[in-house]
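Working from the sequences, and respecting the hints, build out all of it.
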Amino acid sequence: MSIRLCRAFALAVALGASPWVATEAGAQVRWRDLVLTMGGSVEGYSGNFSAVNVSRADSAEHVVAVVGELGMRGALVLAESRTRSFEISFDGGMRQAAAFGFQRQDYSPREWVGSAAGRYTQSAGSWGTLLAQAGVRGRAVRDRPLSTIFIQPGYTNVQGSVGVRTRSFDGVTFDAQVDLESADYQSVELVPQLDLLDRTSSGIEAGVRWGGPSTMRFYGGFRWTDHGNQVSFDPDDPYRRDHTTRVGMEWAYDGEISAQVGVDGTVNRSNSNRPEYDAVSARAVLTAPLSHEMSLNVYALLTAKSYVHDTDFPRLVPGEEADNASLAYLQVSRPVAVNLDAAFRLAWTRAETYFGSAYYQRLGASVQFNYRPRGF
Amino acid sequence: MTVQARGARRSWRLSGALLAAALVMGLPEASAGQATEAMVAERQLELRAARSAYDAALGAYNVVERQWSAALGEVNTARRSGDTGRLERAHALAQDRSVPRRDQEKRLDEAGAALVRARQALIDILVARLEQLVREMDAASGAAQRAQLNAIFTGHQAELQALEAEAEETFRLQPVVLPEITFDPRDGRDELLAKAEILERSAAVADTTIRDQERQIQSLNERLRTQRQRRDFLAGAERFDDTRVPVVTGAPTGDRTAARDSTVAGARPLSLEERIQLKRDYVGQLQAYRDELLIRAQQFRRAVGSVT
Chain F
1 MSIRLCRAFA
11 LAVALGASPW
21 VATEAGAQVR
31 WRDLVLTMGG
41 SVEGYSGNFS
51 AVNVSRADSA
61 EHVVAVVGEL
71 GMRGALVLAE
81 SRTRSFEISF
91 DGGMRQAAAF
101 GFQRQDYSPR
111 EWVGSAAGRY
121 TQSAGSWGTL
131 LAQAGVRGRA
141 VRDRPLSTIF
151 IQPGYTNVQG
161 SVGVRTRSFD
171 GVTFDAQVDL
181 ESADYQSVEL
191 VPQLDLLDRT
201 SSGIEAGVRW
211 GGPSTMRFYG
221 GFRWTDHGNQ
231 VSFDPDDPYR
241 RDHTTRVGME
251 WAYDGEISAQ
261 VGVDGTVNRS
271 NSNRPEYDAV
281 SARAVLTAPL
291 SHEMSLNVYA
301 LLTAKSYVHD
311 TDFPRLVPGE
321 EADNASLAYL
331 QVSRPVAVNL
341 DAAFRLAWTR
351 AETYFGSAYY
361 QRLGASVQFN
371 YRPRGF
Chain V
1 MTVQARGARR
11 SWRLSGALLA
21 AALVMGLPEA
31 SAGQATEAMV
41 AERQLELRAA
51 RSAYDAALGA
61 YNVVERQWSA
71 ALGEVNTARR
81 SGDTGRLERA
91 HALAQDRSVP
101 RRDQEKRLDE
111 AGAALVRARQ
121 ALIDILVARL
131 EQLVREMDAA
141 SGAAQRAQLN
151 AIFTGHQAEL
161 QALEAEAEET
171 FRLQPVVLPE
181 ITFDPRDGRD
191 ELLAKAEILE
201 RSAAVADTTI
211 RDQERQIQSL
221 NERLRTQRQR
231 RDFLAGAERF
241 DDTRVPVVTG
251 APTGDRTAAR
261 DSTVAGARPL
271 SLEERIQLKR
281 DYVGQLQAYR
291 DELLIRAQQF
301 RRAVGSVT
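Top to bottom, those sequences are chains F and V.
With our numbering applied, the first sequence closes on residue 376, and no number is skipped along the way.
With our numbering applied, the second sequence closes on residue 308, and no number is skipped along the way.
One thing to keep in mind: the hints can contain errors.
[Stated by the list, open to error] If the Cβ cut is set under 8 Å, some of the chain F residues that face chain V in the computed set are: (1) Asp91; (2) Asp106; (3) Thr266; (4) Ser270; (5) Asn273; (6) Asn297; (7) Leu301; (8) Gly319; (9) Gln331; (10) Pro335; (11) Ala337; (12) Val338; (13) Ala343; (14) Ala351; (15) Asn370.
Think of the hints as simulated: they come from the structure by calculation, not from any bench.
Ideal Cβ placement from N, Cα and C applies to all residues, glycine included.
Shown next as structure tokens:
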């Protein structure tokens with residue numbers, strides 16, 4: 001694991017542990033969950049997608065990759081009482097692929113990921129609950145391939161938020177939060193343009209929710225983002241600064257079947273004409289029990305955007321190169337032994353740009369095993 | 001949900017909307033206070049009605065429960081007697097009595113849900129009224145008026161605390177208490193046998209409850225398994241950033257529904273894991289209770305032999 005990732009993890013633990021220092025002695029510590037994951041997949045990639053953060057393009061239209069992965073995640077409750085709780089969660093993993101079919105050379109990309117977060121909640125009398133959260137997420141990629149295979153570059157992301165969620169007033173609850181975020185992408189000698197993705201941002205969001213097993217939530221928020229390494233072409237205000245308005249709704253049902261459907265709209269404005277766009281995104285997650293202890297899980301995401309200003313040039317906004325993307329995951333899971341679940345998953349992703357009809361597509365089939373040690 | 005419950009819910013929403021409208025339109029504090037007091041009184045009545053309905057449903061359930069337990073006792077007695085005809089009749093009776101028991105159980109569940117809704121509606125309006133009272137006390141013209149408002153405040157606050165404490169006890173299990181059946185030196189053969197049968201009947205009822213609880217544990221375990229498989233699915237899909245597509249930067253933040261998995265302080269609902277553990281503990285108590293009943297029944301039966 002890279003040194004940066006280790007530092008990020010240490011920072012997360014430090015951030016997460018800070019409220020714990022103020023917690024009274026004698027509070028009960030318990031594991032809430034611990035899961036070890038192992039899996040393998042076969043994936044096919046195709047396309048000619050151009051991204052700012054990939055140095056070169058390979059003329060191969062289709063490549064195949066064989067992938068193996070390991071992962072672990074868990075949650076530890078450090079303090080829990082009637083009025084407050086403090087919990088640390090973590091997730092980490094390694095994925096190794098062997099990709100074949102490139103024109104120039106084959107690749108063996110290896111990804112390391114790790115994240116940790118501390119979440120503190122405190123009831124505020126009979127009015128509601130205060131929430132504070134701090135977390136870090138890191139990612140490192142070795143031997144990142146050319147763009148026929150599109151995988152996200154390495155980065156370190158640190159974020160923190162504080163918020164409030166009210167009690168139910170005649171069946172309606174309200175929530176609000178402010179957050180800060182910083183993302184640092186790891187540029188390497190051959191790909192210095194990864195620094196273009198660095199950003200710091202802050203945001204506010206408020207929401208209202210009502211319902212019982214079936215709930216509806218409307219939310220809206222505003223975000224300020226500084227891209228300190230991207231120019232705006234305005235001599236008086238040389239670096240890109242965005243302000244983004246986002247409104248959305250989410251319906252969720254929690255019964256024998258669990259379902260979530262959400263739609264949100266984004267209006268992004270900037271001191272630079274180039275990255276000004278309006279976007280809409282729809283997301284659905286469904287879990288349904290099947291016979292023989294099996295369950296069906298579906299995840300779908302559609303995102304599309306439209307730029308405010310026309311241009312005759314190819315528009316490659318770093319990190320936002322695609323004009324639309326669709327994603328669908330379908331998984332069937334079932335226990336195969338005590339504390340051991342097996343899952344078969346089909347995944348499909350496609351992203352496109354209107355200019356030059358560039359795209360990338362990923363289709364994969366994987367088998368995963370999730371093991372919870374005895375007692376979890 | 002019953003038609004009555006739906007009507008009550010509409011009435012609460014309408015009242016809430018009227019209150020909100022009154023506050024927005026800036027009615028004088030005193031008028032708004034009177035309107036809210038009227039709604040508090042209305043919801044107190046609704047809660048009282050919901051409590052009565054629940055108590056009635058509980059009473060009816062207890063009657064059919066006792067009849068059903070007696071029928072189960074008769075099944076046991078018939079089995080021991082070896083009389084096939086009597087056993088068949090006892091089985092038929094137990095079967096017949098299980099139908100009204102199921103109906104009453106359903107009615108009890110519905111009445112319980114209506115009671116929870118009525119209690120929550122009263123809690124909501126009491127919270128709003130307490131806020132108003134604070135403002136009214138600030139604006140009070142004299143000490144006498146402030147004292148009067150303070151008395152109302154104290155009363156409402158006590159009622160709110162009691163209701164909240166009651167709401168926290170929603171997930172309750174029946175206490176396990178051994179019946180008061182003791183050996184009396186004057187007991188003859190028939191009395192001893194009757195006491196042994198009562199204890200065995202109670203053990204049979206405990207057995208039924210154990211089976212019922214175990215079915216509920218199984219159902220909760222199935223839900224827990226599905227919930228975990230869902231969490232595994234989402235974690236697996238998102239771990240390596242495969243669901244992040246290069247269209248827009250970032251993702252919606254804030255209070256997502258997924259946060260339900262997390263522990264939240266305050267009057268949080270019990271997690272599935274906690275509910276399962278509570279029920280397992282309860283089953284353990286019930287098993288010990290049943291075994292104790294059977295041991296005592298055996299003691300009574302042994303004592304029959306020593307009676308001359």
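Structure-based check of each hint:
1. Interface hint status for Asp91/F: upheld, as the beta-carbon distance to the closest one in chain V is roughly 6 Å, under 8 Å.
2. The beta carbon of Asp106/F comes no nearer than 20 Å to any beta carbon in chain V, farther than 8 Å, and the hint placing it at the interface is violated.
3. For Thr266/F, the interface hint holds, the least distance from its beta-carbon to any beta-carbon of chain V being 6 Å, beneath 8 Å.
4. A hinted interface residue such as Ser270/F counts as satisfied when its beta carbon comes closer than 8 Å to some beta carbon of chain V; here the least separation is about 11 Å, so the hint is violated.
5. Checking Asn273/F against chain V by beta carbon gives a least distance of about 17 Å; that is not within 8 Å, so the hint is violated.
6. The beta carbon of Asn297/F is positioned within 8 Å of a beta carbon in chain V (closest approach about 4 Å), and the interface hint is therefore held.
7. For Leu301/F, the interface hint holds, the least distance from its beta-carbon to any beta-carbon of chain V being 7 Å, beneath 8 Å.
8. Because the closest C-beta pair between Gly319/F and chain V is about 6 Å apart, less than 8 Å, the hint holds.
9. With a cut of 8 Å, the hint placing Gln331/F at the interface with chain V holds, because the nearest CB-to-CB distance is about 5 Å.
10. Annotation: Pro335/F was flagged as interfacial toward chain V, and the flag holds, the nearest CB pair being 7 Å apart, inside 8 Å.
11. Among the interface hints, the one on Ala337/F is violated; its C-beta lies about 13 Å from the nearest C-beta in chain V, farther than the 8 Å criterion.
12. Look at Val338/F: its Cβ only gets to about 12 Å from chain V, farther than 8 Å, so that hint breaks.
13. Taken as an interface hint, Ala343/F checks out: its beta carbon lies about 7 Å from the nearest beta carbon of chain V, inside 8 Å.
14. Restraint check, Ala351/F versus chain V: the minimum CB separation of about 5 Å is within 8 Å; hint holds.
15. Given the 8 Å rule on beta carbons, the hint for Asn370/F holds: about 5 Å separates it from the nearest Cβ of chain V.
Hint compliance for this structure: hints 2, 4, 5, 11 and 12 are not met, and every other hint is.
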